[in-house]
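Starting from the known structure of chain A, arrange chains B and C on it as the hints suggest.
Chain by chain, the residues run as shown.
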Amino acid sequence: AGLPVFRSADGVFTYKPRGRILVDVSSTMGSKYGGRNTTTTGMRALRLGLEGGVGPHFFYQFESDFSENEVDIVTAFLGYRNKISSKVDYDVRAGHLFNDRAFEGSTGSDSTPFLERGVVSTAIIPQRGFYGIGIMGRMFGPNWHASLSVTGDRVDGEQATNDSRTFSGRAHWNPIRTDRSLLHVGGWFFDEALSSAATTLTRSTVIGGRFNGAVRVTTGELLGGRSTTGYGAELGGYVGGLWVMGEAGRRIARLDGGRPSFESKAWSLSSGLFLTGELPPYNPRLGSFGQPNVLDPVLDGGLGAIELTARYENLDYTDLVLGGDGWAATLGVNWYLNSFTRIQLNGIQWHTNNRAGTYTGGDDGQTVSARVGVTF
Amino acid sequence: AGLPVFRSADGVFTYKPRGRILVDVSSTMGSKYGGRNTTTTGMRALRLGLEGGVGPHFFYQFESDFSENEVDIVTAFLGYRNKISSKVDYDVRAGHLFNDRAFEGSTGSDSTPFLERGVVSTAIIPQRGFYGIGIMGRMFGPNWHASLSVTGDRVDGEQATNDSRTFSGRAHWNPIRTDRSLLHVGGWFFDEALSSAATTLTRSTVIGGRFNGAVRVTTGELLGGRSTTGYGAELGGYVGGLWVMGEAGRRIARLDGGRPSFESKAWSLSSGLFLTGELPPYNPRLGSFGQPNVLDPVLDGGLGAIELTARYENLDYTDLVLGGDGWAATLGVNWYLNSFTRIQLNGIQWHTNNRAGTYTGGDDGQTVSARVGVTF
Amino acid sequence: AGLPVFRSADGVFTYKPRGRILVDVSSTMGSKYGGRNTTTTGMRALRLGLEGGVGPHFFYQFESDFSENEVDIVTAFLGYRNKISSKVDYDVRAGHLFNDRAFEGSTGSDSTPFLERGVVSTAIIPQRGFYGIGIMGRMFGPNWHASLSVTGDRVDGEQATNDSRTFSGRAHWNPIRTDRSLLHVGGWFFDEALSSAATTLTRSTVIGGRFNGAVRVTTGELLGGRSTTGYGAELGGYVGGLWVMGEAGRRIARLDGGRPSFESKAWSLSSGLFLTGELPPYNPRLGSFGQPNVLDPVLDGGLGAIELTARYENLDYTDLVLGGDGWAATLGVNWYLNSFTRIQLNGIQWHTNNRAGTYTGGDDGQTVSARVGVTF
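Chains A, B and C, in that order, are what the protein sequence lines are. The working numbering puts the first residue of the first sequence at 58, with every later residue one more than the last. The working numbering puts the first residue of the second sequence at 58, with every later residue one more than the last. The working numbering puts the first residue of the third sequence at 58, with every later residue one more than the last.
Please note: incorrect hints may appear among the correct ones.
[Claimed, not checked] In silico lysine-lysine, DSS-like type, Cα no more than 27 Å apart, as pairs:
1. LYS140/B <-> LYS73/B
2. LYS89/A <-> LYS140/A
3. LYS140/C <-> LYS73/C
4. LYS73/C <-> LYS73/B
5. LYS73/A <-> LYS73/B
6. LYS140/C <-> LYS73/A
[Stated by the list, open to error] With the C-beta cut set under 10 Å, the calculated list includes, among others, these residues of chain C facing chain B:
7. GLY106
8. GLY214
9. THR218
Worth flagging that the hints you see were computed from the coordinates, not collected in a lab. What you are looking at is a predicted structure, and each value in this text was computed from that prediction instead of being measured. Even for Gly, the Cβ is constructed at its ideal location relative to N, Cα and C.
Chain A extracted, bound-state conformation (with noise of 0.2 Å):
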């Protein structure tokens, strides 16, 4: 964000450092187990990386993340990109790629409006996660744009037994766009096949905030995947500095040994206000949020923006005999010093009913996190 772009001498390559530091705090309480009423630190992220071009064409990103004291490579590739017309263009890029799955899912740790991605981003998802190593194509007009890619692992050192592949693809279209309004109409899918080193489905989801690792909703153990694919819907927009988005996704888990498929199913229900006249941050390109524009910077004496924010958000695991299900209420303040430096407030009110694992029966619990976060 704030960081020079760095241009050798003929203006040919650019370069541009990046990163960013989150740092949390997290407090639940009101659980009746005691191994959930927890306070904890944390770093959600802390990256450290780099963007550049070579002339108009090429580009390429490379950023590792060390929030939990050991390196997490997240973004790494290289990338081409062209015109089709004066109004759509396309990239392809090959390396560890981001999935573009879910409007929560696509947008960056740093500019989430909650602390945490609701539970269709984080429990509709691929096996292997956030990222895989392939390649993806994208195209973008002036108020649509369409991916699709397909992917192996993420990275790592197993170089002995076969990759799950991904094939997955998103798009989003806005009908309408004007100035101070917007509506976001979007859906995704992926298909994995899952490489038989690859074949444990046992899941369990937080839903109390992601510095809270006790309050989750869990599958119990699920063993013999063969393959899953899900999908998902987004449906939102803007008037003025209110938007809401609803979010629902579903996935298929086909397992061995002639039993029946197991569904995952996720929704969310978000909204939030901008006090002090600024727009949502929506990225009309990427059909994710961005990070505002803040109209009246506390750098410059200025008393920063302030959003107001709300989301219930629902998970349903119980198509296994062992899986369990769970909702969460979050209300929240989000304070902006200025577009790239935040100071975020979640409260959250949670519910979980488990079948399996330490933390069975119907629970509740209230957990309060806050954030303070600089993008660079």
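Showing chains B and C alone in chain A's frame:
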């Protein structure tokens, strides 16, 4: 140090890469245990990061260490700074913070006068180590500073259990400060409530330099800690190129099961003399050492700066039945090629008397260590 | 390569970011073992670092690799360079150093003509691998260079046992060198005293490309090593766009318990032809390959450079009762979009005959690998 600072076109953003490379070799002889008479190489620090500012008030820093061929996040914070009056200013920083604790403990690894910090800094320390996620406020006057912080665990991937909580502070004062002389008085403390997931207090502290991991003073196994409190004092100063620093510290570890508390005791006396006319690199703002202002750098055809150093340090864990004690006497030479490139040589005569572990009983030996280092 | 070099205002300091992204996909068929017929993706290299200088004589470099989703420190050193005469200069570097060993072994991973180095470079190697902490001196003349180094272990967190010690050297000479042709003669050796903590000499060397970890030539378990000595020869050159390089190496591993020494043998013959008029990217200073000077880059609307390659390589561990052998024949095409962006395709016919491990007996197969890569 030497790297350029980049500024955005409007001057609002600044950005500077940071790093250090410290290469060590260490050889030990004279121990009655063959396993201690080893020769090893290692990187004392291999750091890469950046620091930057946004306008006059906001700043951030992010640095990771790769010295053991894995990632260790070191500093990673966002901060805000401002003036209270023409003489007093303050800052508040949130993120992964380095303890403000003890004189050598507050000095960066690229600025310590000896290859390894003394035992006051390495043994009288919170259980979570040199870093924790939290918030620190610091206030600076013309000849003093004070800091207070509250922190949880250091950055990690563990979010299923409570963090420990550390409250700590330090202050220093320079009652005398002239052009060529200075008196330093300092004090510090920490108070740590241990999480139920962090009750192991076993400690093995190196005393023959960092790169002989077999030469340690050990407590023996110590489980069931509830909390720790530590405090210490610093008294020193310089006249011309000669500096002296005395440090002492004590740590009380409270144990469960009605056992008496365990008290660790450490002290050290250090001195150095610049033969080439430089003043000691005392930083009056932070009350610690920085890098010397070399009068005649090798780069300009000069001799660089030469400093002779000496230290005695003593560590006592004998308050425990299985706790050991030990001391080390170090003679050293530092050759600063310029303000950020140095070659260091230390000869250490050490003594340990452990009552647990592999190397029990009185044992003496000699360790010779050398370092070449650059900070950029 | 393409990135700008930053200079401080007084011109004394220079600084340049460095990195490479190499994305691979590999597919194997034809083996009689299903576990070898796999398709995998991976990053051959994911590097980020920087290099810099202070004045004319001092320089440093620091680079880490993230290609297996964990950190691997690669080069990290400080150096001093100077001239002896108008024609001869030298440098001395201390830190984590890359072996100067074999022609392909001395060529960077972003410059190898094939996707993976040949077996001389991957099998005739010190037990500690491609890197060690220590000191290396190099001398350079107009048509030759020579290096000597003493190193301990590679960078690690292990400081409780002795390092191994490796003494090694390499030299090359160009007896013929005209505008469009060159003869290369080279030789190298290493001698390694193994620490008592590093006596395992078991080795499994990939021969069907790096990203099929199941296609290896194995020694079987080999414990009780005392020391190793390796040496090799390089003979090759180019006429116009056609280059040829022959390499051979041998490694003697001395074992304890009065057992006879174990001799590993490897050789390879490689060739390449630039169809687009470029000369082979031979670096006469280091005696290795660098990146080609593309005459008509794709960036400028050109075709780029196209190179056809072929290699035969042979590896023999049969001096051991349980040791195997194998060979591989590779045909390839490299398309250089510009001097630092490349697309590579290799087809490998391989044969292994192992006497230990999962895949024993004669086995043949075909591996097809592709890469897109950028160096910056």
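Structure-based check of each hint:
no., hint, in the structure
1, LYS140/B <-> LYS73/B, "holds, 23 Å"
2, LYS89/A <-> LYS140/A, "violated, 58 Å"
3, LYS140/C <-> LYS73/C, "holds, 23 Å"
4, LYS73/C <-> LYS73/B, "holds, 12 Å"
5, LYS73/A <-> LYS73/B, "holds, 12 Å"
6, LYS140/C <-> LYS73/A, "violated, 36 Å"
7, GLY106, "holds, 7 Å"
8, GLY214, "holds, 3 Å"
9, THR218, "holds, 6 Å"
Checked against the numbered hints above, the structure breaks hints 2 and 6 and satisfies the rest.
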